[in-house]
Amino acid sequence: MREEELERLRAIVRDCVGRHEYASAMFYAGRVALATGDPTDIYMEAQALLLAGHHRRALHLLTSSPPLLRDLRFRCLAAKCLEELKEWHDCLTMLGEAKVDEDGNVISQKDSNMMNLDKESDDHEINILSAICLLRAKAYQALDNRDIAKQWFKAAVKADPMCYEAMECLVDNYMLTCEEEKKLLSSLNFRKEDQWLYAHYSCMISKHEKSSILEAKFRDLEEGTSGSSFSISPVNKSSKCNADLMACKAEYYYQCGEYQKCFDLTTAILEKDPFHLKCVLYYLVASVELDRPNDIYVMADSLVKNYPNKAVSWFAVGCYYYCIKKYSQARQHFSKATSIEGTYAPAWIATCNTYAAQQENDHALTAYRTTARLFPGCHLPMLYIGMESMRTRNFKLAEQYLLEAKKKCPSDPLVYNELGVVAYSMKDYEKAAQWLELALNHVSFPLSELWEPTLVNLGHSSRKLKRYQKAITYYEKALALSSRSLSAFAGLAYTYHLMDKFDEAISYYHQALWLKPDDQFCTDMLNFAIEEDAQTRKDFL
Amino acid sequence: MTSKESCRNELRHAVRQLSERGLYSASKWAAELLVGIEPETPSSRPCTSGVTPLSSTMRHLFRAIAAAESPATSTPPAGVSYVSTPIPADDVDHDDYDSYLLAKSCFDCREYRRASHALRGQTGKKAVFLRCYALYMAGEKRKEEETIELEGPLGKSNSVNAELVTIERELSSLHRNGSIDSFGLYLYGIVLRDKGCSSQALSVLVESVNSYPWNWSAWTELLSLCTTLDMLESLNLKNHWMKDFFLASAFLELKMFEESLETYKRLLTIFRLSDYIQAQVATVHYNLRELDEAEVVFEELLRTDPYRMESMDTYSNILYAKESFSTLSFLAHRVFLTDKYRPESCCIIANYYSLKGQHEKSVLYFRRALKLNRKYLSAWTLMGHEYVEMKNTPAAIDAYRRAIEINPRDYRAWYGLGQMYEMMGMMFYALYYYSKSAALQPNDARLWNAMAHCYESAPLGRIEEAIRCYKRSADCNDAEGIALHELARLYGELGQTDQAAVYYKKDLDHMDSEERQGPNYVEALFFLAKYCKSVGRYEEAEHYATRLLDSTGPEKETAKSILRGLRASHSDFGSMDIDLAP
Numbered sequence: 001m002r003e004e005e006l007e008r009l010r011a012i013v014r015d016c017v018g019r020h021e022y023a024s025a026m027f028y029a030g031r032v033a034l035a036t037g038d039p040t041d042i043y044m045e046a047q048a049l050l051l052a053g054h055h056r057r058a059l060h061l062l063t064s065s066p067p068l069l070r071d072l073r074f075r076c077l078a079a080k081c082l083e084e085l086k087e088w089h090d091c092l093t094m095l096g097e098a099k100v101d102e103d104g105n106v107i108s109q110k111d112s113n114m115m116n117l118d119k120e121s122d123d124h125e126i127n128i129l130s131a132i133c134l135l136r137a138k139a140y141q142a143l144d145n146r147d148i149a150k151q152w153f154k155a156a157v158k159a160d161p162m163c164y165e166a167m168e169c170l171v172d173n174y175m176l177t178c179e180e181e182k183k184l185l186s187s188l189n190f191r192k193e194d195q196w197l198y199a200h201y202s203c204m205i206s207k208h209e210k211s212s213i214l215e216a217k218f219r220d221l222e223e224g225t226s227g228s229s230f231s232i233s234p235v236n237k238s239s240k241c242n243a244d245l246m247a248c249k250a251e252y253y254y255q256c257g258e259y260q261k262c263f264d265l266t267t268a269i270l271e272k273d274p275f276h277l278k279c280v281l282y283y284l285v286a287s288v289e290l291d292r293p294n295d296i297y298v299m300a301d302s303l304v305k306n307y308p309n310k311a312v313s314w315f316a317v318g319c320y321y322y323c324i325k326k327y328s329q330a331r332q333h334f335s336k337a338t339s340i341e342g343t344y345a346p347a348w349i350a351t352c353n354t355y356a357a358q359q360e361n362d363h364a365l366t367a368y369r370t371t372a373r374l375f376p377g378c379h380l381p382m383l384y385i386g387m388e389s390m391r392t393r394n395f396k397l398a399e400q401y402l403l404e405a406k407k408k409c410p411s412d413p414l415v416y417n418e419l420g421v422v423a424y425s426m427k428d429y430e431k432a433a434q435w436l437e438l439a440l441n442h443v444s445f446p447l448s449e450l451w452e453p454t455l456v457n458l459g460h461s462s463r464k465l466k467r468y469q470k471a472i473t474y475y476e477k478a479l480a481l482s483s484r485s486l487s488a489f490a491g492l493a494y495t496y497h498l499m500d501k502f503d504e505a506i507s508y509y510h511q512a513l514w515l516k517p518d519d520q521f522c523t524d525m526l527n528f529a530i531e532e533d534a535q536t537r538k539d540f541l
Numbered sequence: 001m002t003s004k005e006s007c008r009n010e011l012r013h014a015v016r017q018l019s020e021r022g023l024y025s026a027s028k029w030a031a032e033l034l035v036g037i038e039p040e041t042p043s044s045r046p047c048t049s050g051v052t053p054l055s056s057t058m059r060h061l062f063r064a065i066a067a068a069e070s071p072a073t074s075t076p077p078a079g080v081s082y083v084s085t086p087i088p089a090d091d092v093d094h095d096d097y098d099s100y101l102l103a104k105s106c107f108d109c110r111e112y113r114r115a116s117h118a119l120r121g122q123t124g125k126k127a128v129f130l131r132c133y134a135l136y137m138a139g140e141k142r143k144e145e146e147t148i149e150l151e152g153p154l155g156k157s158n159s160v161n162a163e164l165v166t167i168e169r170e171l172s173s174l175h176r177n178g179s180i181d182s183f184g185l186y187l188y189g190i191v192l193r194d195k196g197c198s199s200q201a202l203s204v205l206v207e208s209v210n211s212y213p214w215n216w217s218a219w220t221e222l223l224s225l226c227t228t229l230d231m232l233e234s235l236n237l238k239n240h241w242m243k244d245f246f247l248a249s250a251f252l253e254l255k256m257f258e259e260s261l262e263t264y265k266r267l268l269t270i271f272r273l274s275d276y277i278q279a280q281v282a283t284v285h286y287n288l289r290e291l292d293e294a295e296v297v298f299e300e301l302l303r304t305d306p307y308r309m310e311s312m313d314t315y316s317n318i319l320y321a322k323e324s325f326s327t328l329s330f331l332a333h334r335v336f337l338t339d340k341y342r343p344e345s346c347c348i349i350a351n352y353y354s355l356k357g358q359h360e361k362s363v364l365y366f367r368r369a370l371k372l373n374r375k376y377l378s379a380w381t382l383m384g385h386e387y388v389e390m391k392n393t394p395a396a397i398d399a400y401r402r403a404i405e406i407n408p409r410d411y412r413a414w415y416g417l418g419q420m421y422e423m424m425g426m427m428f429y430a431l432y433y434y435s436k437s438a439a440l441q442p443n444d445a446r447l448w449n450a451m452a453h454c455y456e457s458a459p460l461g462r463i464e465e466a467i468r469c470y471k472r473s474a475d476c477n478d479a480e481g482i483a484l485h486e487l488a489r490l491y492g493e494l495g496q497t498d499q500a501a502v503y504y505k506k507d508l509d510h511m512d513s514e515e516r517q518g519p520n521y522v523e524a525l526f527f528l529a530k531y532c533k534s535v536g537r538y539e540e541a542e543h544y545a546t547r548l549l550d551s552t553g554p555e556k557e558t559a560k561s562i563l564r565g566l567r568a569s570h571s572d573f574g575s576m577d578i579d580l581a582p
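Going down the list, the sequences are from chains P and D.
According to UniProt numbering, the residues represented by the first sequence are 1 to 541, in order.
According to UniProt numbering, the residues represented by the second sequence are 1 to 582, in order.
A hint or two may mislead.
[To be verified] Computed list of chain D residues with no C-beta within reach of chain P, every gap over 12 Å: (1) Ser-198; (2) Val-296; (3) Phe-526.
[Said to hold, decoys possible] When the alpha-carbon atoms are kept at most 25 Å apart in a straight line, the in silico BS3-like pairs for lysine-lysine are as follows: (4) P:Lys-183 - P:Lys-99; (5) P:Lys-516 - D:Lys-371; (6) D:Lys-4 - P:Lys-516; (7) D:Lys-255 - D:Lys-340; (8) P:Lys-407 - P:Lys-470; (9) P:Lys-466 - P:Lys-477; (10) D:Lys-238 - D:Lys-125; (11) P:Lys-325 - D:Lys-143; (12) P:Lys-427 - P:Lys-396; (13) D:Lys-375 - D:Lys-340; (14) P:Lys-261 - D:Lys-505; (15) D:Lys-141 - D:Lys-371; (16) P:Lys-217 - P:Lys-182; (17) D:Lys-28 - D:Lys-375; (18) D:Lys-340 - P:Lys-516; (19) D:Lys-238 - D:Lys-4; (20) D:Lys-340 - D:Lys-371; (21) D:Lys-125 - P:Lys-261.
Derived by calculation from the structure, the hints in this document are not laboratory data.
This one's a predicted model, so the numbers in the text were calculated from it and none came from an experiment.
Heads up, the beta-carbon is just placed ideally off N, CA and C, and yes, glycines get one too.
Required output: the full structure, derived from the provided sequences and hints.
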């Protein structure tokens, strides 16, 4: 065949691939490859075969001529075939021996006799090494070797920061602790024109930062003011309504307990992009927190219809049952989600929470431990184990777990709150007060009703330390957040009682009893207060 | 001082602006006041033709009131200068105006969520207010429904308005930016109050009334948050004539009746024909226990405005207190036909049944009144009283507690609680509640008597305090004379016979002046006779003993024996006299 004819056929193949007509692509690529025997054409044929779903054939084509495999691109493609065939060990063998250290630096790439058969390697692509690292990581992950997988994911991002998939896996599967995430990000080398990506990544990993800092980050990204080169870049113009970025923001709102904001934002995104799955996830969890089973139902229904093979669909169904308090059904669906996708963290954590909601302490603890093992970067299982241990009054153990959680995520106020509660339960009121103050310092938004218990706890601690005036201030702050807090009223009453201010004490005991008429503590204390008051009353004459 | 014409002008604008925002009761109030401004020529009163002018007695009454304040009725009192507040212009944007019209129509049809939805994303101040207000109303409606669905005993429920957080968030950010108008501030104020942040609510409402004084609803909310005189005085209010209306009703609430009357008198110089002021004046009289004056005013009010509901429950209370059965019956039947599902009419009917002694039916109507308005203070208290009559202690306690929750200044409810706990033998509690009540109404002898009784009772046994309470009661002009008798008895028990005699004497004088007789009368005579004899005042002793002879029972015999003893000693004296005679 003549050269121009071949060129025409190559163009047809590219065209067919572009139009997803794989059978034709396969046919023409085969003709071209046969005619020329050029590695580039063979590569093209293999790719067509792979796309057409003939993984085994593609693999055979690639492996049939060993010299070809000395090219990284060919190897990579072969490994990709093996990945599709789920032959993980062979896949790793195909990629060759290599070692990676803790930080994801590749130590030895044994194949030094690499050669590049493809002449026109251009900069626009993601570095091939990065792709190989990513494949290795996926293989190790599939083989349940999470530690090594994590290292290879890191290696992939390090080899080329543009490898978004690796970054996403690391973050979404909670492979790294907050510290590690920050360290990784700072070690990445971005090109000057890719600074926006750095900003995007930093939004992805900052889940507990102060709202002012983060809002500024998001604003920079949205407005595209973080660099002069940035504003010209075409990618940037659309990032204002970039669903991925917005999903990060939604996640951040969720982590901070701003459920209504999270819900509003995700609703807005889903209007434009109804099946943005990350967004769907935060829409679901925010709806659970806001107790909107009806919205979850509609979402779950459409997900199961459209994405029956996605973990998130069954997670949604589970959320619905969780929301209407049918925990065992919820658990069934959560476990279906985890069986589809073993690394789907939300479903794992939700499973644990169903046990906790049913007060099945042992089951819950086991489940949390499993989750903690699967997601080493996630502090939530530790936190929950701590909480469960507290429920069984095992305070020493609880404290250990909570400190562990704090190490993993030093910026979550909830951890500090729980530490405070543990210290309080162990009668170390000074420490409790310190922890609780820290908790409030870490809250990133103006205090919401969510933090009312923390304020009440602070009030209790201050009361125990005999700082009555301070205690009263805290209780009053708590009541400003939620005027229906029994414990704040009881605390206030008791504090005034201890200060011998019976009039205030009695009136607050009454308010507490108004909320819960059969509260034993308040009833008894009210009796005492009223008797003492009657014995000492003089003011009226 | 503003002229009538400018008041009229301001009110006309206010009525329109308030009703455009769905603030119906405030707009009704303003409109009522508008027609209450006396026209320059009396015949041109812009009102329905069927209304008769004030009767001569009423005119007389108000002339007298006005004359007492200032020499000439039309001259304003010196020293009062009002700040004129500019009437805010409405922002009318025609694109937005269409959706505003839709929203307002939905709002009028009570489709609140739809109204709020129709205005989504709009930033005009009027639109923002109506959107948030509609949302608030939607939340309130849902709350009411939930309350009925999950009804606890006596309709107690923990349901809250779920929209509060959203509204507060929006309004607080607007407030911070300063881009909120006075209506928005009013709504922000009630949202804050519902959330329990009363001090913040107070300052926001003050801001609202300072920038737009014609919104009576805002003043009412402010009133319900001002529970002490100190709070009232610390409010930084602009000196608009609407402030006087506020102050007058605040004085009434704080039991400063004289000040309240003064203020209303001053306002009458402009709003001569205002039914509202008449009703308020009558309420003041009622609170001063001047039932006859109050009744006259109410009768007149009912004649000029026969279908009026506001304040008519107070009128029924007066009739109840006066036991004028037929008038109450007439009133009850009339309101029944006018609108039987108004809280006021239910309350009137309940009073009617209560007077007839049909307490079950009375409770039924009070409950209906409370279903219609959960914050109807007097209905809670009165229902408590009905339950007391029916001996249903727990229900009575619950009702009184609800009353106190709504307004902790209701001394009758505190007193009722005290009674109930006393009935259950929980004296410490009873004492606490009585003391609360007495602190609010220090001039009511009954409360001091009740407190004294608690102090005296077994678990406390503090006679000293009991005596002091009874003294307070005696100072308060105790009509039933319980205090004097009890004081005498307690002193007698303590062995301080001199003191005891003083009080028995006072008690006796009191009973004489009222021509009452009874066991106390006998006891007093008996004690005094013996006491006078023991201290050697034989004349007096004889006098008392003789009076004692009129009574029946064992005392009569004792009296005879005392008299005999007296005669004997008399004769001793006599013989001595003889002996000494030359």
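Hint check results:
1. Ser-198: 10 Å, violated
2. Val-296: 37 Å, holds
3. Phe-526: 31 Å, holds
4. P:Lys-183 - P:Lys-99: Distance ~21 Å between Lys-183 of chain P and Lys-99 of chain P Cα, so the pair holds.
5. P:Lys-516 - D:Lys-371: Between Lys-516 of chain P and Lys-371 of chain D the Cα gap is close to 22 Å, so the pair holds against 25 Å.
6. D:Lys-4 - P:Lys-516: Between Lys-4 of chain D and Lys-516 of chain P the Cα gap is close to 54 Å, so the pair fails against 25 Å, i.e. violated.
7. D:Lys-255 - D:Lys-340: 31 Å, violated
8. P:Lys-407 - P:Lys-470: 30 Å, violated
9. P:Lys-466 - P:Lys-477: 18 Å, holds
10. D:Lys-238 - D:Lys-125: Cα-Cα ~23 Å, so holds.
11. P:Lys-325 - D:Lys-143: 23 Å, holds
12. P:Lys-427 - P:Lys-396: 12 Å, holds
13. D:Lys-375 - D:Lys-340: Distance of about 18 Å is within 25 Å: holds.
14. P:Lys-261 - D:Lys-505: 77 Å, violated
15. D:Lys-141 - D:Lys-371: This hinted pair holds, its Cα atoms lying about 13 Å apart.
16. P:Lys-217 - P:Lys-182: It holds: about 15 Å lies between the C-alpha atoms, which stays within 25 Å.
17. D:Lys-28 - D:Lys-375: Answer holds: Lys-28 of chain D to Lys-375 of chain D is near 20 Å, not above 25 Å.
18. D:Lys-340 - P:Lys-516: Violated: Lys-340 of chain D and Lys-516 of chain P sit about 35 Å apart, past 25 Å.
19. D:Lys-238 - D:Lys-4: Roughly 19 Å between the alpha carbons, so the hint for Lys-238 of chain D and Lys-4 of chain D holds.
20. D:Lys-340 - D:Lys-371: Cα-Cα ~13 Å, so holds.
21. D:Lys-125 - P:Lys-261: 23 Å, holds
The structure fails hints 1, 6, 7, 8, 14, 18 (numbered hints given earlier, in ascending order).
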